[in-house]
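Undergrad: Let's have the full structure, built from the sequences with the hints guiding it.
Sequence order for the protein chains is A and B.
For the first sequence, position 172 matches number 172 in the working numbering, and the numbering has no gaps at all.
Offset between the second sequence (1-based) and the working numbering: plus 271.
One or more hints might be untrue.
[To be verified] Not the full set, but computed from the structure, chain B residues with beta-carbon under 8 Å of chain A:
#1 Thr277
#2 Ala285
#3 Ala374
#4 Pro379
#5 Leu392
#6 Leu395
#7 Tyr438
#8 Ile441
#9 Leu460
#10 Ser464
#11 Tyr520
#12 Phe524
#13 Phe527
#14 Asn528
#15 Thr529
None of these hints come from the bench; they were simulated from the model.
Every residue, glycine too, gets a C-beta built ideally from N, C-alpha and C.
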Amino acid sequence: MKINKYIFHLIIIVFILLALYPILFAVSNSFKHLSDAYSSTISLIPNPFTLENYVDLEDTIPLFRITLNTFIIASVITAFKMVTSFLAAFALTYFHFKFKKATYFLLISTIFIPFTVTMIPNYLIISEFDLIDSVWGVILPQLADAIGIFMLTQAMRNIPKPLIEAAQIDGISTFNIMKDHVLPIVRPAITSTAIWFFILAWNDYVWPLLMLRSRDSYTLPLALQLFVSSEGGTNFTIAMALSVITMAIPLILYLVFQRYIINTFSSSGIK
Amino acid sequence: MGKKYTNYLLLAPALILLAIFTIGPLIYTIYLSFFDWNMISPTKTFVGFDNYTELFQSETFRKIIFQTFQYIILFVLLNTVVTYIFAYIISHLIDRWKPIYKAAIFTPSVISLVVGSMLFLWILNPVSGPVATVLGWVGLSIPNWTVTEGTVIVVLSLIVAWKVFGYNFIVLYSGIVGIPNEIIEAAKLDKISKFRIFTDIIIPMSSATGFYILIMTIVQGLQYVFTPIRVVTQGGPNYLSSNLIYHSYQEAFDLFNTGVSAASSVITLVIFVVLLALQFLFVERNVYYEN
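TA: And the structure:
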């Protein structure tokens with residue numbers, strides 16, 4: 001019985017080490033000289049330690065500009081989606097109206113539509129407005145997303161309804177009900193959904209790929225793609241530096257808000 | 272402004288955005304699938320079902336459908352079956368360090384798939400990568416997977432599995448933890464094996480969550496794997512790593528066959544709708560709901 005438990009722990013720890021190895025691999029190689037990276041592939045400790053890859057990266061691509069683009073796109077998408085999702089979730093939870101269930105069902109079913117089904121028309125819309133290769137071209141189509149509505153409706157359903165109904169009867173304005181009664185209670189769900197949206201938008205590849213043309217308007221994942229070649233090449237350690245920069249922000253956000261995120265996702269699977 | 276309309280006002284921003292960028296485009300894509308068009312020419316030619324028949328008559332497309340199902344099987348295996356087992360082990364078979372394990376397992380889920388693709392490409396480099404080096408010590412080698420039939424799909428699925436595993440794990444874990452503990456304790460007292468507890472109690476009693484994860488794994492997995500395909504293989508060699516999602520992209524933005532791309536997207540959508548309908552029917556009928 002006891003021995004069994006050790007075996008399980010061992011399996012889990014080996015599994016976790018394997019899952020985290022790619023992250024360690026990237027960090028370690030980003031601080032190695034290229035020659036060192038080739039001669040000691042296995043060692044995870046850079047010897048000698050160098051920052052030259054990060055410096056070289058700055059000379060290869062407009063790194064600051066690209067990071068800023070990624071940040072702006074992720075922030076704007078997150079802010080807009082949170083506001084529209086919060087308002088919609090509020091209406092769907094606390095108002096009674098015709099076709100409410102049908103509306104909710106319709107909204108939620110859009111989550112399952114594959115992106116290929118909307119990509120050509122959205123591409124045409126964006127080029128019609130001359131927004132190809134711009135930040136707005138990347139942002140606009142991604143504002144249409146029902147996942148936030150789903151997550152926040154789940155959270156709002158946990159608030160006792162009589163509480164809100166009493167406030168409605170007392171003639172308190174909808175805005176004040178949201179601000180004073182609902183927002184404080186669903187704040188954990190809002191925090192983790194917002195962080196999740198930010199991470200998703202930060203990592204997004206498909207839509208920026210279709211929208212962005214010039215290096216100055218690239219996002220980090222698109223820039224990283226410039227360094228991919230299955231043959232290897234002289235840019236390996238620089239590519240690792242860019243990988244580290246790309247994953248740094250999501251990892252930091254995750255480490256800080258880890259408990260919120262895990263709790264919110266724990267309840268997302270149960271309808 | 273009457274109070275009566277407040278709810279519609281609140282819903283409006285989300286609904287308008289979804290109408291413009293999701294529902295409208297969905298309808299337009301179905302429309303486009305009946306036309307021959309190169310995205311630039313001012314005229315579209317109506318061709319009826321020709322785009323669909325062209326697809327089903329093409330050897331390549333049949334290969335792509337077959338590969339799409341290969342991807343689905345791999346995703347289900349790696350990200351539902353294996354994940355379920357891990358969630359069971361961590362929830363019920365050990366009693367220490369659970370929060371640390373959960374946090375660590377979720378970590379890769381926050382990392383970009385482009386980063387993941389890049390890292391796996393290097394780690395599994397058949398000449399100078401660390402895996403090849405270690406295997407070299409015992410005289411083994413790894414194939415040049417990016418150009419090897421079969422292997423390429425497995426490795427691309429593995430990259431997606433690396434990213435999705437943590438998310439699925441957390442959701443399944445909470446589904447399993449939701450099962451009343453008395454039932455499991457009673458089974459243990461009756462000396463029912465751990466394996467039987469898993470197959471006869473855990474899986475049936477968490478099947479609402481299980482089905483949700485199964486469907487999400489398929490729907491998202493096929494879309495997620497677009498990134499490693501695009502970054503690493505571009506669907507090659509000779510379409511051998513392509514799937515329905517990548518094929519739609521390639522037809523539209525590499526070959527400018529809007530109609531064929533739209534038809535391929537509609538076929539994908541139909542497959543997803545069938546899966547959802549199956550889930551709906553099955554779950555509503557047979558599933559034990561937590562709470």
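Undergrad: Hints numbered earlier in the text: which of these fail when held up against the supplied structure?
TA: Hint check: 6, 9, 10, 13 and 14 fail, others pass.
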